[in-house]
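Please put together the full structure from these sequences, using the hints given.
Residue numbers (our numbering): 454 to 740.
Treat the hints loosely; a few may be bogus.
As the list claims (entries may be wrong) - Here are the simulated DSS-like pairs of lysine-lysine, each with C-alpha atoms no more than 27 angstroms apart in a straight line:
1. 705 - 603
2. 635 - 611
3. 695 - 705
4. 635 - 603
5. 611 - 624
6. 635 - 695
7. 713 - 611
8. 603 - 624
Since the hints were made in silico from the structure, they are not lab data.
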Amino acid sequence: MNVVEMIIQQFSRMQWTDYLDIIAVAYLLYIFLPLLRSSGSLRIVGVILGIMVVTWITDILEMHALNFILTQLLAVGLIAVVVLFQPEIRRMLAHLGSVRLKRFLGAEKQEQEMFSVISQTVSACEHMSRERVGALIVFERDSHLDEYFKTGTVIDGKLSDPMIRNLFFPKAALHDGAIIVKDGRIAAAACVLPLSNSSRLSADLGTRHRAGVGLSEITDAVVVIVSEETGAISVAVGGILKRYLAPQTLEKLLRHELCKSETKEDEGIVVKLRQKLQKKGKEDGKK
Numbered sequence: 454m455n456v457v458e459m460i461i462q463q464f465s466r467m468q469w470t471d472y473l474d475i476i477a478v479a480y481l482l483y484i485f486l487p488l489l490r491s492s493g494s495l496r497i498v499g500v501i502l503g504i505m506v507v508t509w510i511t512d513i514l515e516m517h518a519l520n521f522i523l524t525q526l527l528a529v530g531l532i533a534v535v536v537l538f539q540p541e542i543r544r545m546l547a548h549l550g551s552v553r554l555k556r557f558l559g560a561e562k563q564e565q566e567m568f569s570v571i572s573q574t575v576s577a578c579e580h581m582s583r584e585r586v587g588a589l590i591v592f593e594r595d596s597h598l599d600e601y602f603k604t605g606t607v608i609d610g611k612l613s614d615p616m617i618r619n620l621f622f623p624k625a626a627l628h629d630g631a632i633i634v635k636d637g638r639i640a641a642a643a644c645v646l647p648l649s650n651s652s653r654l655s656a657d658l659g660t661r662h663r664a665g666v667g668l669s670e671i672t673d674a675v676v677v678i679v680s681e682e683t684g685a686i687s688v689a690v691g692g693i694l695k696r697y698l699a700p701q702t703l704e705k706l707l708r709h710e711l712c713k714s715e716t717k718e719d720e721g722i723v724v725k726l727r728q729k730l731q732k733k734g735k736e737d738g739k740k
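The following block contains the structure:
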């Protein structure tokens, strides 16, 4: 019996509750994995996993005394994890509730608001590029950026062209650092971001660019950067830096990354183009 037949037999023996169980576990993993993005969370999880491995080894080697102590430590550790992750769990539950409401009640309205936010951002970047004013603008998506709010000043203000330019004005109190945009509003300013250590980045890039790329490496945030030295506009997404963008290109890129309808439209254009090319290829083959 080969592996494929064994897999088919296993699936044939499964009941609908087994499929429901798998879906539920996968969904829980999808929810809790973002909690592990911060370095502090990773250290805690690493310690717990290490204790579990040592407990398993002591059980195999029949080291009863040490195994008993580690087992009791794990029992207490589960309570400690709930206490340590209490703020993150609370934020996660609140976020899930708000996401559901936004998806079912105000998806279209939110999309229209995002178009305005993008337009104002592009306008501000265009002005700052001409005036050689440095800027670092972060757009939050699915990954929570609450831990970076704490490094700056909470604002919770409406995003606009003048607001962005005033925040990054060289003599302004909050010009040094990043502003974080959440749900179309400026959530915080003067935020400190983690620097990238990637060797792929050009040596001429400064702290502002490395901070933008660094955040995009560990989260799904979209980061817009305006160079103080050259006025060049760049965008960091998924650890990749796209440099020297024209305002029109910036607007198109932000719409693609932040607006779902734009993404679907782009995908539709690609599909149609592929279909046309396939159709043309078949016609040429017939000739």
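A quick look at each hint next to the structure:
no., hint, in the structure
1, 705 - 603, "31 angstroms, violated"
2, 635 - 611, "10 angstroms, holds"
3, 695 - 705, "13 angstroms, holds"
4, 635 - 603, "14 angstroms, holds"
5, 611 - 624, "21 angstroms, holds"
6, 635 - 695, "22 angstroms, holds"
7, 713 - 611, "22 angstroms, holds"
8, 603 - 624, "22 angstroms, holds"
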